[in-house]
Amino acid sequence: MSLELHVLFQIAVVGIAAAVLSSLLKQSGRDEIATLVTISALVLVAAVVVSNISHLFVQIQNVFANQ
Amino acid sequence: MDILQIVLFGIVGALLLTTVRELAPQVSFLLTLLISAVLFLIALQRVTGILVPIERLAALADVNVLFFATIMKIIGIAYIAEFGAEIARDAGVASIASKIELVGKLAILVLAVPIVTAVVETVTHLLP
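One line per chain: the protein sequences are L and Z, in this order. By my numbering, the letter at position 16 of the first sequence is numbered 16, and the numbering carries on one by one without gaps. By my numbering, the letter at position 90 of the second sequence is numbered 90, and the numbering carries on one by one without gaps.
Since the hints were derived computationally from the structure, they do not count as laboratory data. For each residue, glycine too, the CB sits at the ideal point set by N, CA and C. Wrong hints could be hidden among the right ones.
[Unchecked claim] Within a straight-line C-alpha distance of at most 20 angstroms, the following computed SDA-like cross-link-like pairs (lysine to any residue) qualify:
id, chain 1, residue 1, chain 2, residue 2
1, Z, Lys73, Z, Leu33
2, Z, Lys73, Z, Glu101
3, Z, Lys73, L, Asn66
4, Z, Lys105, L, Phe57
5, L, Lys26, Z, Ile115
6, L, Lys26, Z, Leu57
7, Z, Lys73, L, His55
8, Z, Lys73, L, Ile60
9, L, Lys26, Z, Gln26
10, L, Lys26, Z, Ile74
11, Z, Lys105, L, Gln61
12, Z, Lys99, L, Val58
13, Z, Lys73, Z, Ile115
14, Z, Lys105, Z, Asp62
15, Z, Lys105, L, His55
16, Z, Lys73, L, Gln61
17, Z, Lys73, L, Gln59
18, Z, Lys73, L, Lys26
19, Z, Lys73, Z, Val113
20, Z, Lys73, Z, Pro53
21, Z, Lys105, L, Lys26
22, Z, Lys105, L, Ile60
23, Z, Lys73, L, Val20
[What the hints assert, rightly or not] Which stretches of chain Z does chain L cover? Using the computed rule of at least three CB atoms under 8 angstroms from a CB of chain L, they are:
id, segment
24, 26 to 34
25, 45 to 53
26, 64 to 75
27, 96 to 110
[Claimed, not checked] Some chain Z residues near chain L, calculated using beta-carbon distances under 8 angstroms:
id, residue
28, Ala37
29, Phe40
30, Leu41
31, Tyr79
32, Ile80
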C-alpha cells in the first residue's frame, strides 16, 4: 500500500466539516442533529481507519506467520 | 529518496493533527491511528526485504526451521504489541498500553519456551 496522502486529507476534511456543521447546528438550536452529524462523521472515519488497520494486520500475518 | 516522502507524510499528518485536534478530538485520535498504521505498513515492506536473505542464511547454516519460524512469530507479536501499546498511550490511557505490552510479553514468553528447552537440553548433553 503506497503512501496515500489523500486519505489523510479526506479524513481531516471530514473531521473539520463535522465539527463546523455540528457547531452550526448547535447555534441554530438543533442539538440532536448536531450530535447525529458528529457521530456519523466518527463512524465514517472509523470505517476508513479500520479497513487500513485490518490491511496492516493481514500484511503482518503474511510476513511473520507464513506457515 | 522515498525516505523523504515517508518523513514528509508523517509531518503532514502531524500538521493535520494539530488542526483537527481542537475541532474534533475523536477524529484526531483516529487520524493518529491511520498515520501510524500507514507508517507501520511501510516499515513492514522494508522488513520483508530483510527477511528473505536472513531466511536463506538460516537455511545455509541449517538452523532448525522451527526455531526460525518461532523467532519470526515473536517478532510479529512484538511488532503488533508495540503498535497497539503506542496507540493506547497516545489516546491517553497508559494503563491499557501497559496491559497490551504485558499480553505481548506473555505471548512471546509462551513462544520462547520450546527454544529455551532445546538450548538447555543441548547444554546438558554436552556436559559430562
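Hint-by-hint comparison with the structure:
1. For the given pair, Lys73(Z) sits about 23 angstroms from Leu33(Z) by alpha-carbon distance, which is inconsistent with the 20 angstroms threshold.
2. The hinted pair formed by Lys73(Z) and Glu101(Z) meets the criterion: a straight-line CA distance of about 16 angstroms does not exceed 20 angstroms.
3. Annotation: proposed proximity of Lys73(Z) to Asn66(L) holds, straight-line Cα distance about 9 angstroms (limit 20 angstroms).
4. Restraint check for Lys105(Z) and Phe57(L): satisfied, since their Cα atoms lie roughly 18 angstroms apart, inside the 20 angstroms limit.
5. Annotation: proposed proximity of Lys26(L) to Ile115(Z) is violated, straight-line Cα distance about 61 angstroms (limit 20 angstroms).
6. Using a Cα cut-off of 20 angstroms, the hinted pair Lys26(L) and Leu57(Z) is violated, with the two alpha carbons roughly 64 angstroms apart.
7. Distance check on the hinted pair: Lys73(Z) and His55(L) sit about 18 angstroms apart at the alpha-carbon level, within 20 angstroms; holds.
8. This hinted pair checks out: Lys73(Z) and Ile60(L) have alpha carbons roughly 10 angstroms apart, not beyond 20 angstroms.
9. A threshold of 20 angstroms between alpha carbons decides the hint, and for Lys26(L) with Gln26(Z) the separation of about 18 angstroms falls inside it, so the pair holds.
10. With a C-alpha separation of about 50 angstroms, the suggested pairing of Lys26(L) with Ile74(Z) is violated against the 20 angstroms cut-off.
11. For a cut-off of 20 angstroms, the pair hint linking Lys105(Z) to Gln61(L) stands: about 18 angstroms separates their Cα positions.
12. Only pairs whose Cα atoms come within 20 angstroms are accepted, and Lys99(Z) paired with Val58(L) is rejected, the gap being roughly 23 angstroms.
13. Annotation: proposed proximity of Lys73(Z) to Ile115(Z) holds, straight-line Cα distance about 13 angstroms (limit 20 angstroms).
14. Our distance criterion of 20 angstroms between C-alpha atoms is broken by Lys105(Z) and Asp62(Z), whose separation comes to about 28 angstroms.
15. Pair hint Lys105(Z) plus His55(L) does not hold up; C-alpha atoms about 24 angstroms apart against a cutoff of 20 angstroms.
16. Restraint check: the Cα-Cα separation between Lys73(Z) and Gln61(L) comes to about 9 angstroms, which is no more than 20 angstroms; the hinted pair holds.
17. Between Lys73(Z) and Gln59(L), the direct Cα distance comes to roughly 13 angstroms. Compliance with the 20 angstroms bound is thereby established for this hinted pair.
18. Between the alpha carbons of Lys73(Z) and Lys26(L) the distance comes to roughly 51 angstroms, so the proposed pair goes past 20 angstroms and is violated.
19. For the proposed pair Lys73(Z) and Val113(Z), the alpha carbon gap of about 13 angstroms is at most 20 angstroms, so the pair holds.
20. Proximity of Lys73(Z) to Pro53(Z) is assessed by CA-CA distance (about 17 angstroms); at most 20 angstroms being required, the pair is judged to hold.
21. Distance hint between Lys105(Z) and Lys26(L) is unfulfilled; the C-alpha atoms sit about 47 angstroms from each other, more than 20 angstroms.
22. This hinted pair checks out: Lys105(Z) and Ile60(L) have alpha carbons roughly 18 angstroms apart, not beyond 20 angstroms.
23. Pair hint Lys73(Z) plus Val20(L) does not hold up; C-alpha atoms about 45 angstroms apart against a cutoff of 20 angstroms.
24. Look at the segment 26 to 34 of chain Z against chain L: 7 of its residues bring a Cβ nearer than 8 angstroms to a Cβ of that chain, three or more, so the hint holds.
25. Note: the segment 45 to 53 of chain Z has 3 residues with beta-carbon separation from chain L under 8 angstroms; the three-residue rule is met and the coverage holds.
26. A count of 4 residues in the segment 64 to 75 of chain Z with a Cβ less than 8 angstroms from any Cβ of chain L is obtained; the coverage claim is therefore met, three being the minimum.
27. With 0 residues carrying a beta carbon less than 8 angstroms from a beta carbon of chain L, the segment 96 to 110 of chain Z misses the three-residue requirement, and the given coverage is violated.
28. This hint holds: Ala37(Z) has a C-beta 5 angstroms from the nearest C-beta of chain L, less than the 8 angstroms allowed.
29. Annotation: Phe40(Z) was flagged as interfacial toward chain L, and the flag holds, the nearest CB pair being 6 angstroms apart, inside 8 angstroms.
30. Against a cut-off of 8 angstroms between C-beta atoms, the interface hint on Leu41(Z) holds, since the closest Cβ of chain L lies about 5 angstroms away.
31. With a cut of 8 angstroms, the hint placing Tyr79(Z) at the interface with chain L holds, because the nearest CB-to-CB distance is about 6 angstroms.
32. Interface restraint check: Ile80(Z) against chain L, minimum CB-CB distance 6 angstroms, threshold 8 angstroms, status holds.
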